[in-house]
Every structure is written in structure tokens, then in C-alpha cells.
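A.B. asks: Those protein sequences? They're chains A and B, same order as listed. Residue 1 is where the first sequence starts when you use the numbering used here, and the numbers rise one by one after that. Residue 1 is where the second sequence starts when you use the numbering used here, and the numbers rise one by one after that.
Some hints here could point you the wrong way.
[As the list claims (entries may be wrong)] What the simulated footprint calls covered on chain A by chain B, stretch by stretch (three residues with Cβ under 8 Å from a Cβ of chain B suffice, anywhere in the stretch; the number is not a length): (1) 9 to 22; (2) 95 to 108; (3) 188 to 199; (4) 245 to 254.
[Claimed, not checked] Quick list of in silico lysine to any residue cross-link-like pairs, SDA-like style, CA-CA up to 25 Å: (5) A/K246 <-> A/F105; (6) A/K23 <-> B/E112; (7) B/K142 <-> A/F11; (8) A/K26 <-> B/Q151; (9) B/K40 <-> A/D167; (10) B/K93 <-> A/M180; (11) B/K93 <-> B/A248; (12) A/K26 <-> A/E14; (13) A/K23 <-> B/M217; (14) A/K191 <-> A/M180.
If you are wondering where the hints come from, they were derived from the structure by calculation, not from laboratory data. Remember, it's a predicted structure, so these values are computed and weren't measured experimentally. Ideal placement from N, C-alpha and C gives every residue a C-beta, glycine not left out.
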Amino acid sequence: MMFGRLKQHQFLFEELVKRDFKKKYKRTILGMGWSMLAPLLMLLVMKIVFEQFFGRTVNHYTTYLFCGLLTFNWFSESTNSGMRSLFTNAGIFSKVNVPKYLFLFSVNIQVLINFALTLLVFFAFCAIDGVPFTWRFACLVYPISTMLLFNLGIGMVLSALFIFFRDIDYLWTVALQLVMYGSAVFYTVDKMPSNMQLAFALNPVYRHIAYIREVVLAGSVPSLEAHLTLAGFALAAFLAGAFMYKHYNTRFLYYV
Amino acid sequence: MSSPKVMLSCRNVSIRYQVGDFKNIGLKEWVMRRLTGRYKVVDFWADRDVSFEICEGDMLGIIGTNGAGKSTLLKAVAGIMEPTRGRVARCGKISALLELGSGFDGDLTVKENAYLRGAMLGYTRAFMDKTYPYIIDFSELKDFEDRPFKQLSSGMKSRLAFAIASLVKPEILILDEVLAVGDGAFRAKSEAKMREIIKGGATTILVTHSIGQVRAMCNKVLWLDKGRQVEFTDDVNGCCNRYEAFLAGRPK
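Only chain B is shown next, with the shape it has when bound in the complex:
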């Protein structure tokens, strides 16, 4: 049996954020602070030495408390950020769904937004023409097609976002807190859809606070805590148990 193809590998990825006074201060304030020596920028490592590897058809769950560095890691994986140190190697088209509902334009209609999003994800117009009916059908937004996006409810917005990202057949799909939204019926539908994608060979990364979802769907799990890698393993249940024990033992 040949070993499965490695789709994504992160080696010793460290990402440094800068926090401090530099945001939103404007030029005159910047000059003033520089002159008076009150200008402070603090380095903050969002991720340190994170290494993992996923192969074709894998579904990786990333778990960790708030501020563990999950979203930052995904930004590096998606190529939005460059890792400060280390290397991200990806193979294939990535469809990243980071922070649902953002990146859509409130003034454009559902249809225009779907095309814009498709374009952002790197697809062609011909592909979108062909896929759009499925997207609108899957997201159950047929009646809202020509409504401005800002008039939709947040559940509808995330349905559309999920439908676009999942139906466009990426080779690597990144889902950040996606399944936490939508009503029960849609959640069941989207989970079924994701299983279908995984069966179809897509490699998926799922970031969630729902341990149940990780247990049910993932075959690998990466646990981050305060930017450090606690575990990367294919022993999903064991890791989830330890993580839950960690959560329970944490002072409230």
C-alpha cells in the first residue's frame, strides 16, 4: 500500500504579532510619541514551533482555548500571513473560510456576493456560472437571491458562506467555527456535506470549540495552548479526553 500524499505540512511555524501603540494613532500622534519616547510596540508570539502534517483525505481538528493561536495558524496556512519562522508547504488549492460572514459586502446582493466570493477563492466565471445554482439551492436562499446581503440573518449569511466554500471542491478546505452556526436542520445537512467532501478526497482542517464534532469527524487532532503545541496525534479520542480534563481542571 502506498503512503498517502502529504497535502500540507507545517514545520516549526512561529508567528509573531506586534501589539501596542501603533494602531489607529495617526501620523501626528505617531510623531509626538516618537519624539517623547512613549512609542511602544510589544512583540507577541501567537504561535511557537507548531509542526504538523496532513495527508490526502485527512480531517484535522484544531482545538484549544481562546487565544491559543488557532486562527493565526490558519491565516499562515491559507497564505494570508507569512510565518515569522518556519515553513508552510501546501499542495493544491486552498479554500479558507475564516470568520464567517466577513469578506462579504453588505450592499451587494446574494448573487453578486456569491460571485465575488467565488472569484476571491480563485475560481473562473465559467465555473461559478455552473456552480451557482447548486450554491443557491444548498444554502436555501433562492427567494433571497436579489436581496442586499445586509438584509440576511446571520444564519443565512453563514449558510451562504458554507455553501460557497464547500461546493467549489477545494483540495484543502479550512473551516473556522463554521458548524457552530445555522439551525439544527442545516447543521445536519452541512455535516453530511462535509463527510461527502472528505470521502471525495478533500483534506479538511476544522477549528472548533465543539469537542463532540472533533470526536465525530476528525481523524487527527492538534491541540494548541497559548501558542504552543501540546499535542499532534491521530489518537483523537485520547487527546479529546485529555483536553476535556485540562478544561475541567482549569481555574474558572
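Chain A on its own, in the form it takes in the complex:
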């Protein structure tokens, strides 16, 4: 049903995507390169700081680090811009009757393209780092799909909350810090005690990172359980978001 209406509003969706691109990059050629450079600089900093601590025990530490950063940055960027997407378009949805999720989806297209470009750089780094490419890299399509769905779901929840509580963004900045340090972006978890292992197992961002690392660094296909877990996280987040949008659809108007 949702996607049926999306088809009907295809033209609007395309125009919104175009607008978000133009506004994000301010019609500059450097704009896009800039947003790819940021994660690379972050990678460099983390490599310099953490390689001495963890680099000795982890093979291909740069790639290990990049797997984590790639996924976390996508999550962070998608949820941060998703959170504001509904509010910044209040001028539109309070005047014209359009499906409100279009704004979030549109901004996520832009973030997704950014992610795809960073992914290309990631593959280049893998090659430089001497990671063998196998057919199993095709498995990466799976965590990327579930992560996209997961990001959309969290984005829907946050953008709805942001309409009601304008200070949610401060809390989310703190929450993102927690996710960052709790997702083993730059350290390893195998020597952690078992109760900590459980916390990692319940962290969706970490599970996505772990899946990607297993494919890229170990060159193996993750277990069925890993697949089901990722799908579960994505579905739960997306349903929660869809529920928020459906439930509050006509009430957002009172708050803007």
C-alpha cells in the first residue's frame, strides 16, 4: 500500500531528491568529494591512534576499522538528516496533502549515494590492504539492504519525535556516541566476558558491522542466524517507524 502511493508520487519524489542534492552540495563540484573525504580523515585519525593497541592482534586492521566506520557513519548520517527531514518540510506538508515519508526517503537516497561512493573507496582500500576479493563479496548486498531498512525505520521514529520534542537531537548525539563506542568500530570483542557479548549481540549496528567483517576479512558467508537477526532488526525498526507515521499522521500539523 505504502509503495503503491510511492509510485503515484514518483515525480514529486524525484523533485525532492533533486532538491535535497542541490541544497546539500550547494551546486558545487567539491561538495560531494568533501563529504567522502570526511570519513577518510576519520579513518586516518583512528588508524594512527588505535593501530598500536589493536593493530597487532588484528589482520588487515585498516580494513577492519573501515568496515566499522563505513557502517557507523552511514547510520549516523542517515539518522541525523532523517531526524530533521520531516520538520524542515513542515512548510510543504502543512499546505499540501502529500505522503510525509517521502521527505525522509528522499534525504535517505542522497545519504545512500554518499554511502555508495564511500563503499567504492572502501573496496579500493581493501585492494591496497591485500584483502582477497571473493564471490562472497556479493553477500554484502544483504546487510546493506537490511541496514537501509533499519535506517529508514529509526529515521521515521526520530523525525516524528523531533516534531514533538525539538531537543531530541541533543539526546541523539549522545546516543550516537554510545553506539559508536559500543559497536567495536576500532576494537575487538572476542576477549570480552559473556555478558558483554550479549550486549554486542543485541546491538543492530554492531551486528551489521560483524556481518560485513565476516564476509570481507574472513571471506566466509555468515550463518543463517546472522541473516535472520539482521532482518529482524530491520523489520522491527521499520514497523516501529511506520506505526509512528500512521498513528501521528494528522497530528504533526499541530506541532509545527
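The hints should help you fit chain B onto chain A, whose structure is shown.
C.D. replies: Okay, now just chain B, sitting in the frame of chain A:
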């Protein structure tokens, strides 16, 4: 003679707004007020039991003082809001021009805004490609096509808004305070355009403070006061006279 087709009907439409502390307070303030019991939300009925019906080719004028519930009623008609009670039944594509100039993006160019607005109103790209030259021509903004929208004067902005909404041939056109803007020449042009649309069979709702416009253009009129329906009639002149008498008798 067959009776004309009913394009839009509102039956006992009531809309409740909530006003009070809940806006812009943030989560921590919300929690604090909830805990201390200082959280207050007041219900406010913007419209109560409004009923009217308009047929194909009708032009309805909605009159009333500020805060009468006109804009809220239009939001329900356009489907942006759900009526708290009652029912709105519409037949055909609605093009709503609520509060001119809003919904446009200041950073985009005139052309990009025209396409975005067209898309919002539910038209296809092919239709916009075909119609865009007329829009730019009608709004007399050919020289400003590639300028960012924020650089336009407010008169130009409303010209563009009017041109888009009127040229896209809606079945129901909603105009909220549209004709109050623009210079004399454009006003004459837009009134002529609206007459053309009405002749073409479009059903129009006009919200305005200009009684003269209502007398000149509308064949039905709805008078709202503080959310309540005072009159809905096709005796336009009579209703306008009573409304003017009401305005004159109101303490300043």
C-alpha cells in the same frame, strides 16, 4: 435539465485544534511539566458544524473575520487535516493554494520551484514540461527563471504561485487570499483568468476579505464567525450586505 454534479460536500464538519503548552517545549521541559502537573492543553474548536455543498462550476466565497476558521476549513477540504467530526466528500483533483509563497524553497530557482510545486499538486513531469512555458509566460517571470526564489519580490512570488495553481487545470481550485496581492495589472489578469477557469467548469473556493471580489465573482457564499456557520446561501448580495452591516456594527 439535469441537476449539476456535486463536487464537494462538507457535512457537520467540526475541527478541534489543540493549543497550549505542548509546542516547542522540548522533552526535558515536557517531563518536568508532566511531573509538576503544570502541563496544560486546551481544546479549541476552530470550526463547528459547518455544512455546505458546491456543484460543478460553482464559485464559493468564504467570508468572515480573522479567526473565523476559514483557513482551517480549507485545510480539511484540501485533505491536509482530518475533520475531528463530520465528513468531507470531494470529487476530483484539488489544487489548493493556501497561504501564498509558502511551500516554496528559497534556495531553488523559479523553474525548479515550479516543477516542485507541480509535483506537489500531483501532476506528471510530462504535464509540467508542457505547461511550464505557459506558467512562466503568465507570471511574467521569463527573465527570472534561473534566479533563486528568495530573490524575488513578494508580488512576483504570488504571481508564480497563482500561475501554477490556475494553469494546471484542477477540478477544484482553492484560493486563499490570493487576489489581494500583485499589482493592478496582474490583478486584472488573474481575475480574467479565474473567470476563464470557472467558465471551463472548474469549481472554485475563494477566501478573501474583499467583499467586492465576492460580489463580483461568487455565486455562493459561506459566512463563518468564530467557527460557527452564520449563513450558507446563493443570495450573494444579500449575505454580503448583512456581513457588511455586521462588520459596521461591531465594536472597534
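A.B. asks: Now look at each hint and say whether the structure bears it out.
C.D. replies: Against the structure, the hints come out as follows:
1. 9 to 22: holds (count 9)
2. 95 to 108: With 4 residues closer than 8 Å to chain B, the region 95 to 108 of chain A meets the three-residue bar; holds.
3. 188 to 199: violated (count 0)
4. 245 to 254: holds (count 3)
5. A/K246 <-> A/F105: With a Cα-Cα distance of about 16 Å, the restraint between A/K246 and A/F105 holds, given a limit of 25 Å.
6. A/K23 <-> B/E112: holds, 12 Å
7. B/K142 <-> A/F11: holds, 24 Å
8. A/K26 <-> B/Q151: Roughly 16 Å between the alpha carbons, so the hint for A/K26 and B/Q151 holds.
9. B/K40 <-> A/D167: holds, 20 Å
10. B/K93 <-> A/M180: Between B/K93 and A/M180 the Cα gap is close to 48 Å, so the pair fails against 25 Å, i.e. violated.
11. B/K93 <-> B/A248: violated, 38 Å
12. A/K26 <-> A/E14: Distance of about 18 Å is within 25 Å: holds.
13. A/K23 <-> B/M217: violated, 41 Å
14. A/K191 <-> A/M180: Status holds; Cα separation ~19 Å.
Hint compliance for this structure: hints 3, 10, 11 and 13 are not met, and every other hint is.
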